[in-house]
Each structure stands twice: as C-alpha cells, then as structure tokens.
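So the protein sequences, as listed, match chains A and B. So that you can map any letter, position 249 of the first sequence is 249 in our numbering, and since no number is skipped, the others follow by simple counting. So that you can map any letter, position 191 of the second sequence is 191 in our numbering, and since no number is skipped, the others follow by simple counting.
Just so you know, not all the hints are guaranteed correct.
As the list claims (entries may be wrong) - Computed beta-carbon distance windows for the label pairs:
#	chain 1	residue 1	chain 2	residue 2	range
1	A	K189	B	E283	21 to 31 Å
2	B	V306	A	G39	35 to 45 Å
3	A	R251	B	A285	50 to 60 Å
4	B	E283	A	K174	55 to 65 Å
Claimed, not checked - Mimicking EDC-like on lysine to aspartate or glutamate, the simulated pairs with C-alpha atoms at most 20 Å apart in a straight line are:
#	chain 1	residue 1	chain 2	residue 2
5	B	K298	A	E50
6	A	K65	B	E274
7	B	K65	A	E274
Stated by the list, open to error - Where chain B lies over chain A, by a calculated footprint (3+ residues, C-beta under 8 Å):
#	segment
8	52-58
9	66-80
10	243-254
11	269-282
No lab work stands behind these hints, which were simulated from the structure alone. Predicted model only: the values in this text are computed from it and were never measured. Note that beta-carbon positions come from the ideal geometry of N, C-alpha and C, so glycine has one too.
There are 2 protein chains.
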Amino acid sequence: MPILNNVFLGSQKNAIKLMATDLETGMQISIPATVTEGGAITIPARLFTEIVAHLPEDDVQLQVKEEAPTTIEVACGASSMEVLGLPATDFPLAPEPESEAVCEVTGELLRGMIRQTIFSASTDETRPFLTGVYLLVEGKEIKMVATDGGRLALRRVSLDPPARQKMNAIVPAKTMHELARALAGGEEKVTVNLAEKQVVFVQGQLRVTSRLIAGQFPNYQQVIPQEFKQRIRVNTDRLLQAVRRVSITARDSANVVRFEVAGAKMTISSNTPEVGRAREEVEVAAEGEGMQVAFNAKYLLDVLGVLDAEETQLELTGPLSPGTLRPGGRNDYIYVLAPVRVYA
Amino acid sequence: MPILNNVFLGSQKNAIKLMATDLETGMQISIPATVTEGGAITIPARLFTEIVAHLPEDDVQLQVKEEAPTTIEVACGASSMEVLGLPATDFPLAPEPESEAVCEVTGELLRGMIRQTIFSASTDETRPFLTGVYLLVEGKEIKMVATDGGRLALRRVSLDPPARQKMNAIVPAKTMHELARALAGGEEKVTVNLAEKQVVFVQGQLRVTSRLIAGQFPNYQQVIPQEFKQRIRVNTDRLLQAVRRVSITARDSANVVRFEVAGAKMTISSNTPEVGRAREEVEVAAEGEGMQVAFNAKYLLDVLGVLDAEETQLELTGPLSPGTLRPGGRNDYIYVLAPVRVYA
Numbered sequence: 001m002p003i004l005n006n007v008f009l010g011s012q013k014n015a016i017k018l019m020a021t022d023l024e025t026g027m028q029i030s031i032p033a034t035v036t037e038g039g040a041i042t043i044p045a046r047l048f049t050e051i052v053a054h055l056p057e058d059d060v061q062l063q064v065k066e067e068a069p070t071t072i073e074v075a076c077g078a079s080s081m082e083v084l085g086l087p088a089t090d091f092p093l094a095p096e097p098e099s100e101a102v103c104e105v106t107g108e109l110l111r112g113m114i115r116q117t118i119f120s121a122s123t124d125e126t127r128p129f130l131t132g133v134y135l136l137v138e139g140k141e142i143k144m145v146a147t148d149g150g151r152l153a154l155r156r157v158s159l160d161p162p163a164r165q166k167m168n169a170i171v172p173a174k175t176m177h178e179l180a181r182a183l184a185g186g187e188e189k190v191t192v193n194l195a196e197k198q199v200v201f202v203q204g205q206l207r208v209t210s211r212l213i214a215g216q217f218p219n220y221q222q223v224i225p226q227e228f229k230q231r232i233r234v235n236t237d238r239l240l241q242a243v244r245r246v247s248i249t250a251r252d253s254a255n256v257v258r259f260e261v262a263g264a265k266m267t268i269s270s271n272t273p274e275v276g277r278a279r280e281e282v283e284v285a286a287e288g289e290g291m292q293v294a295f296n297a298k299y300l301l302d303v304l305g306v307l308d309a310e311e312t313q314l315e316l317t318g319p320l321s322p323g324t325l326r327p328g329g330r331n332d333y334i335y336v337l338a339p340v341r342v343y344a
Numbered sequence: 001m002p003i004l005n006n007v008f009l010g011s012q013k014n015a016i017k018l019m020a021t022d023l024e025t026g027m028q029i030s031i032p033a034t035v036t037e038g039g040a041i042t043i044p045a046r047l048f049t050e051i052v053a054h055l056p057e058d059d060v061q062l063q064v065k066e067e068a069p070t071t072i073e074v075a076c077g078a079s080s081m082e083v084l085g086l087p088a089t090d091f092p093l094a095p096e097p098e099s100e101a102v103c104e105v106t107g108e109l110l111r112g113m114i115r116q117t118i119f120s121a122s123t124d125e126t127r128p129f130l131t132g133v134y135l136l137v138e139g140k141e142i143k144m145v146a147t148d149g150g151r152l153a154l155r156r157v158s159l160d161p162p163a164r165q166k167m168n169a170i171v172p173a174k175t176m177h178e179l180a181r182a183l184a185g186g187e188e189k190v191t192v193n194l195a196e197k198q199v200v201f202v203q204g205q206l207r208v209t210s211r212l213i214a215g216q217f218p219n220y221q222q223v224i225p226q227e228f229k230q231r232i233r234v235n236t237d238r239l240l241q242a243v244r245r246v247s248i249t250a251r252d253s254a255n256v257v258r259f260e261v262a263g264a265k266m267t268i269s270s271n272t273p274e275v276g277r278a279r280e281e282v283e284v285a286a287e288g289e290g291m292q293v294a295f296n297a298k299y300l301l302d303v304l305g306v307l308d309a310e311e312t313q314l315e316l317t318g319p320l321s322p323g324t325l326r327p328g329g330r331n332d333y334i335y336v337l338a339p340v341r342v343y344a
C-alpha cells in the first residue's frame, strides 16, 4: 500500500491535523494554523519531512488542490514548492478506538521508563511476546518490563493521582521507540488509554495509537532474585569505563568479561587467546561471600549507560545464577542479568 | 599481507615511533617517551586505536615482549592490557626515499587547499590520472587542481619564501584525505618534498609518504573560461540554502536545477513531473547578458559548502558552456562547472 508512505494533512478549525500509520502504529498531531479554506491531502512522508526540515524561519502557507493531479503547494519566504500527493480519501483511516483513560504520567518520566527498559526487549520474531515492553498499571504504580530471556529490565514509577483502572499489556518495542521520540519531555502529562487490543497515548495534541502484542508475558517476578550472596557498591561511571576497556579484548570471545572481588577491589578481566587480554581494578564496597562470575559485557554496558545514578549496586547470587544491578540506594529500577557459564 | 593491518611501534631515543602503510601511502610519527629499554612490535591497528581511545587520562606504560608469542602490554592507571602482535622484523619497511624539499606551507593552508579541491577528483578507476589531486609548485605559488571531467576546482596559495624547485605531480585523493586528517591545523609549517615517483609531507614529527599517480593531468588552464557573458554576485549562504531546498524536488531527475536572472532577482527552480517542483528567488547583483542555465545541484552544493566567503561570484558563458564560481572579490579559488544541457 504505497499510501502508507504518505502523511495525511487535513484542515481543522484553526489547526491542521497530520496523521501517519503503518496499520499497527498510528500517530496524529494537530498544530495551530489559520485556515482560510478547508482541504486535505496525503503526501510522501520522507519528501515532506525533508522539505520542512529545510524551510527558512518564516510562516508557511499550504495550499491543497484536491482534484487530480492532487498537489500541495508549500510556500515560505521566497521559496515555493509544489508536491504531488494522493487523495486524502484513499488514506486508511482507522476508526478512533473507544478507549478508557488508565493513568497519567509526565512526558519525562514516560520517556525515561522506555529508555531504561526497551533495550532489553527481544528482536526474535519467533517469540513475539518478548519483542514488546510489558506495561502494567495498578493502583499507585506504573511499571514497564522488557526481557529477551537473558536479561530483564524493570522500571517502576509512582502515580499521583492513582490509576483509574488496572492494565497489563505488551506494547511493541517499535511503538515505544517512536513514542519516546515523539513525546515532549518535561512535565507535560501523557494519558495512557486502553482500548480493545490497542493502547493510546495522548499528550496535548499528540496521539499515538498502537496494537498490542497477544500472548502471555513471562512471570517477571519469578526471575528477580530475592536473595543475594554478595552485594557490591561501585561508582557507575568508573565501572562503565572499566567494562568498556576490558571488553575490547573480549569482542572475539562472545564479550565475556569476568568479575571477582577481593577486599575493596573488584578485578574485571577478559581473555581471548588469539587477540589478547585485559585486566582492571576498580574500588568497591562489598559485603557477603566472594565469588567469580562472568557476564556479557554488552549487556552490562547497555544498562550502565541508562542507570542515571552515581552509584551502582550489584548483587550476585553465584556463578550460574542471575545477578542484579540497580541504582545505588533506589528500588525503582532493577536489571536482572544471567551470568555466562565460564566458571563450572 | 595481514601485517599491513598492523601498526609498527618501535623505541627511539626519548621517543616511540609509530608507522603504518598500505604500500602506497605510509605514515609515521614520533612521540616523546621515556625509554628504559629498546624494543619494537607490530599490533593490529584497529584494536590498538580502540584501546588508546578508551584509556584513562594518565601516563601510559608500554612493555614489549619480542620473542614468540610477541605481545605488548599497555598499562594505564588501574587498567592493564596485553595484546598479541607480529614481529617488527616482518613489517615491510620501505627504504626512506631520497627526497628534496620543494616548499613550505602552513598546516592550516594545506588542509584548506585539500578541502577545497579533493571533492572534485574522480572516483573512476579507469582514468587513474583523474583520481588524484594535481599538485603544482613554481616560484611564489603552490596550486592544487582536481577534476572529474564535469567540474574542476583550482586553489592557489602564495609561498613565502618561494619554492626551492618546481614540481608537478598527481597525488592520490586517498592520500590527500588522510593527510588532511593527520595534519595539525594552525601555523605549523608542512614541508613538501619530492622523491622519485613519491611525495613526502613532513610536519614536525609527522611524515606522510605517498606514491604518485602516473599519467598526464588534463590541461586545466584550457578548461577555465577566460570571458563571461553574465556576472552574478550573491550571498553564499542564501544561495546554498536556496539550492538545497530547490534540489529536494530534483533528486529523481538527475539533480537538475535551473537558474535565470531577471533584474536583481535570480530564480532557481526544479521540476520532476512525477514528484513535484520548486522555485525560489534570491537577491543578486548581476551584470551582462541574461540567460538560462542548468546545473547539477550536488556539484553546486559541494563547492558552496567550502567556498569560505560571504559572497559568491558566478560567471556564466552560456547554457552549453562552463560557468565558474569563486569567492567574491578573490582570485585564489575557482570552480568550473559544466552546465546540464536542458536548454537547447
């Protein structure tokens, strides 16, 4: 359907409305405009984006000719462009789903939640229920969870006021990615609305609609270790830099990086016989039983880059059991990571 | 030859020397070091680059083990890495060519000359003599010229003191690209040296050696129009923005953008029947006979981005004859551009 490459533009009262869809995710926004005569058209989205990106700083005049050949004229300053489109009447307009408001959260918090979980979602299309971000709302809490089977990220945020209804649904990671790009950060509220097999996010004049992924999300609570054998506190940036360096010589051996604490030092190391090896010591505060454990460095770097905390708290349960990372002293974000089995 | 992917490291008196080569271009540099014991090794360049890029801010200790397995240990702060290399004795050391100094020019000027000409060189390997930048030195002037047959860029710079000898040689564009990246900008002088079939650029401890391209460079002077029918002066940034916008609807029709001056307005336009059309007016100061002419927008955008002048002077000779662009009021840079034949 070539028209799906087009963006819909239509006049409203004192506004123009833009819509785009891939039949799974849809976005629309209204922006203030002085409308002298009504009209609508669809035009190639990529071309229109490029035109808009290069317009000079000035008011833009849009003039649509609906009869064939369907065109829009974009005039701005000394510049004038006429672009061929397709009739607005051919655009696949999904009926507005009947939806009910679930809860409200600020744009900044919602974007942060997406950023801290989405990278853990799976890209394996044979298990579609893992390719989304699990969104749970109940009472005074909204949660997002994503997992690819090897690691899991869970972020909680308090709701005030509390949710109007319960919700749990798997939202495609692609939608979440586009949502995070489209949302304004800051304090402007986003309303989460639930419809049949769909979720709708509304922020001001922006409306993002997405189908939900069918299926049962894994029992994520079961995955989170309830006890630990060793707890390590370490400066996040120091750990990130060290893991990044040590992982250079792990690239050709599945990114395996080893960790071991002795006293107030954690030794991070890697070894790829045909390439070389690396070793770095990082100051830590540790308690509990010492052990050797190995992780995939990429999975660690992913989370260390979004932890947003000066201190990282690492809890280990054994060389074959999942460890956890969380921001030091906080309980609103947890990352569960299966070790690599190099220590038998 | 896998060792060509490696960089050579060897100790000197109070310095270490780094060398790399692809057998056509070679680079070497010495950097100050405290040498306690001599040694040399070659190690994978990409791996070494990545290690160095991620080292903490601190002194670096290098320790080479020359006997098999040949390794280098890189220690810095709390970090230590050991990387496998290949013996320095296997590195293809080209004999230092006997070269004679030709002239001196500052790093900033040489980089500028490369930037203003290199994009006009051809990428067509069937005409190797067009894939380089022609370097001419004589008396009080150094010139660079590059052309792909459709356009030509010529940049001149005055030499003080004058050249010690004449030179004309075609240097591979690839070398020029790497040279511009490696040179320090600013006032530090670069010496151009000529050897048999080779050119050597030296700036401080940096030494870039390149083979020359055999063949006869086209008679570039013949290509530069000596007269014009219309001369147009226009604000460079205004022209650049307008051409960029108008070219959006020219993408699918060979980037053809049309120009025509009436009075103090230049109209820039494009038209691709199945996509759309664009038109923009730009204020100009024009003299001479008015005409219609079309150019490849990409070729114009290339030069407008490196012209480094508030005003562009455009001289037209006819719809089928080359036009020229130069920085307003200056004669040290000229760009010759064949029109696209859309006006019969």
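Go ahead and decide if the range 21 to 31 Å is satisfied by the Cβ distance of K189/A to E283/B.
Check failed, 47 Å falls outside 21 to 31 Å.
K65/B paired with E274/A [C-alpha distance capped at 20 Å]:
Judged against 20 Å, a Cα distance of about 16 Å means the pair holds.
At a Cβ distance under 8 Å, does chain B reach at least three residues of the segment 52-58 of chain A?
holds (count 3)
Restraint status (C-alpha distance of K298/B to E50/A at most 20 Å)
holds, 16 Å
Range hint 55 to 65 Å: satisfied by the CB atoms of E283/B and K174/A?
violated, 46 Å
Could you tell me whether the CB distance from V306/B to G39/A stays inside 35 to 45 Å?
This hint holds: roughly 43 Å between Cβ atoms.
Do at least three Cβ atoms from the segment 243-254 of chain A come closer than 8 Å to Cβ atoms of chain B?
Since 5 is at least three, the answer is holds.
Would the pair K65/A and E274/B pass a check requiring their Cα atoms to be no farther apart than 20 Å?
Measuring from Cα to Cα gives roughly 16 Å; hence the hint holds.
Given a hinted range of 50 to 60 Å, is it respected by the beta-carbon distance of R251/A and A285/B?
59 Å Cβ-Cβ, so the 50 to 60 Å window holds.
Within the assertion that chain B covers the segment 269-282 of chain A, do at least three residues meet a Cβ-to-Cβ distance smaller than 8 Å?
holds (count 9)
Examine the segment 66-80 of chain A for residues whose CB is less than 8 Å from any CB of chain B, and state whether their number is three or more.
holds (count 4)
Checked against the numbered hints listed earlier, the structure breaks hints 1 and 4; every other hint is satisfied.
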